[in-house]
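Respectively, the protein sequence lines represent chains A and B.
If you read the first sequence in this note's numbering, its first letter stands for residue 1, the second for the next number, and so on.
If you read the second sequence in this note's numbering, its first letter stands for residue 1, the second for the next number, and so on.
Bear in mind the hints are in silico, worked out from the structure with no lab data behind them.
Ideal placement from N, C-alpha and C gives every residue a C-beta, glycine not left out.
Honestly, I wouldn't trust all of these hints.
Restraint ranges, calculated between C-beta atoms of paired labels, are given here [unchecked claim]:
#	chain 1	residue 1	chain 2	residue 2	range
1	B	G131	A	Y164	32 to 40 Å
2	A	T93	B	R129	29 to 37 Å
3	B	G131	A	S15	26 to 34 Å
4	A	V5	B	G225	50 to 58 Å
5	A	P313	B	L25	38 to 46 Å
6	B	G131	A	G302	39 to 47 Å
Now for the letters of each chain:
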Amino acid sequence: MKRLVPYIALAVFASVPLWLHDPYLLNAFITTGILIVAAMSLNLLLGYTGQLSLGHVAFFGIGAYTSALVSLGFDVELIGGIRVVHEPWPVWTGFVIGTLVAALCGYAVGKLSFKVRGAYFVIVTISFAEVVRLVALNWVELTQGPLALTSIPPMTLGVPGVGYLDFYSKQSNYYLVLAVLVVSYIVIQRLVYSRVGRAMIALKENESLAVSVGIDVTRYLVLAAVFSAGIAGAAGSLYAHYLKIIDPDVFAFLYTVTMVIMVISGGKGTLAGPIVGGLIFGFIPVAARSFATPEIQWILYGLLMIIIVFVLPKGIVPAVEKWFAAPSTRADPEPLQAKMHDTP
Amino acid sequence: MSTMPSNVPQPVLSVEHIAVHFGGLIAITDMSFVVNQGEIVSLIGPNGAGKTTAFNVITGFLRPTKGEVRYKNTSLSNLKPHEVTSLGLARTFQRTSVFQSVTVFENVMIGLHRRSRSTLLDTLLALPREGRAEAELRNLAHELLEIVGIARRADELAGSLSYGDQRLLGVALALATDPSMLLLDEPVSGMNATETARFMELLNKLHGRGMSILLVEHDVPMVMGVSDRIVVLNYGRIIAEGPPAAIRGNPEVIRAYLGEGASRHAAH
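Take the sequences, apply the hints, and build the full model.
Written out as structure tokens, the structure reads:
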């Protein structure tokens with residue numbers, strides 16, 4: 001039964017554009033979906049290796065800017081008079097390069113995290129995001145600074161045999177985001193249910209013991225950071241080509257906080273956690289719009305988060321799993337037998 | 001060395017003139033001993049004698065101020081702990097010897113990390129090799145749990161095991177790395193008599209399979225029962241070394257453990 005849940009969820013979400021025609025709601029689904037992909041990537045670091053990256057939005061923004069610039073082209077003069085001219089490339093190459101550049105930044109930050117852990121890692125990641133934001137804001141020649149990069153082309157994809165797909169409509173963007181979400185989900189699932197994932201869990205649980213069984217700490221932290229940053233970059237790229245305009249505000253701390261809230265409330269270290277948390281916090285403003293002003297919406301947002309953390313400290317998904325698992329273990333005579341072995 | 005077993009001893013682990021200083025504090029002055037192939041050697045001494053420090057140096061968790069540790073003629077001086085493990089040297093920890101929040105079985109699967117041949121690409125693409133490698137690991141994990149005798153606890157959370165069983169799981173974790181030598185840090189401290197007896201049984205079983213074992217322990221009766229040789233440490237110095245029978249009557253050892261009066265009493 002539990003194995004079917006992801007497939008049922010996928011079928012339900014795949015059917016959404018078929019019956020939902022309200023562009024506002026469809027837009028909410030798309031932007032929430034993009035944030036969920038980012039939250040899933042954060043979960044890989046936070047939930048599985050236990051490293052809190054509070055600059056996660058940097059990877060998202062780097063993916064967005066890189067992808068936009070690759071597809072728009074640019075012409076900049078570097079220090080020393082070297083002029084770099086880039087002609088626009090197909091949008092899908094922007095997506096790939098954006099993902100790779102973000103992953104590369106993840107590699108750098110991951111290497112650093114070997115030296116600094118815990119609170120220091122958090123500070124390093126925040127600073128990293130801030131530095132990247134300042135670059136985006138001030139390197140006007142490349143990024144247009146506060147004027148924003150505009151008329152970013154929508155995603156296009158040349159599929160051999162099928163022809164040219166473009167993603168202008170909301171429906172097509174919805175399916176694009178869903179596809180990236182599913183691929184990210186599968187990548188993360190493959191990772192965490194393998195020796196890689198076991199190594200990550202071991203590091204989070206007890207680092208010296210993990211090292212003593214021969215797990216290379218640096219390797220797995222860096223690996224987690226690379227995949228995490230790459231997926232966040234892919235989400236950023238989707239964001240840029242969907243909204244068609246990005247400014248340095250994509251690096252806002254608020255986005256990181258949103259991702260962290262989605263992961264923690266849904267259940268960190270679970271595959272479905274960021275999706276459940278993401279849907280809830282992505283749709284609060286939508287649901288509350290009819291009866292509450294924006295200020296009240298934020299208050300509701302905060303209240304709900306506090307309630308979830310208090311009532312379900314491990315998150316929604318682990319709580320639901322436990323609730324479903326409880327009756328079956330109670331009916332099972334096994335624990336009783338196990339207890340009897342304990343008595344001498 | 002002072003004692004020679006009947007056949008020619010093959011030293012596997014040699015500790016050569018190790019000194020450890022923590023700032024002005026000298027934890028170990030000058031320590032040298034060897035562990036031969038297939039031997040159980042115990043490092044004993046009163047609290048604060050430097051046992052755990054010695055242990056951490058040998059396993060690469062602490063750099064010695066002076067001296068060198070060699071395992072099968074490879075110097076451990078510049079190796080990281082996980083590299084020491086891959087040479088075939090596995091250790092257990094005094095406390096927190098298991099991954100508490102995952103099951104017993106998953107603990108051993110984590111321990112089997114270096115035994116898996118699957119690569120990152122196999123994992124991501126779910127290639128058949130990945131499935132085979134994982135199935136192989138699961139079999140190995142079951143085998144290891146059988147060896148240490150906690151197979152029926154496989155699906156329980158490691159943190160919910162009794163203290164003695166957690167120690168056994170700790171040994172299974174160490175064995176999972178396919179070591180040729182085990183380093184056990186006070187494995188029976190806090191165990192009751194039954195648990196200790198079970199643990200000694202396991203040590204004898206491993207000894208029978210040719211495993212070399214270095215034991216750091218202050219449960220003297222237990223050490224006397226299983227060791228081939230005992231090295232006694234006090235105030236960071238080796239004060240005696242030899243088979244259990246010789247150590248039992250050594251006046252300096254008795255003095256170290258029981259104080260001045262007792263040794264005078266024993267000498268008579």
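Hints, one by one, checked against the model:
1. The beta-carbon spacing between G131 of chain B and Y164 of chain A, approximately 38 Å, falls within the hinted interval of 32 to 40 Å.
2. Separation of T93 of chain A from R129 of chain B is about 31 Å and conforms to the stated range, judged on CB atoms against 29 to 37 Å.
3. The beta-carbon spacing between G131 of chain B and S15 of chain A, approximately 32 Å, falls within the hinted interval of 26 to 34 Å.
4. At about 54 Å, the beta-carbon gap between V5 of chain A and G225 of chain B stays in the expected band of 50 to 58 Å.
5. Restraint check, P313 of chain A to L25 of chain B: a C-beta distance of roughly 42 Å satisfies the suggested window 38 to 46 Å.
6. A hinted range of 39 to 47 Å for the beta carbons of G131 of chain B and G302 of chain A is consistent with their spacing of about 46 Å.
When the structure is compared with the earlier hints, no violation turns up for any of them.
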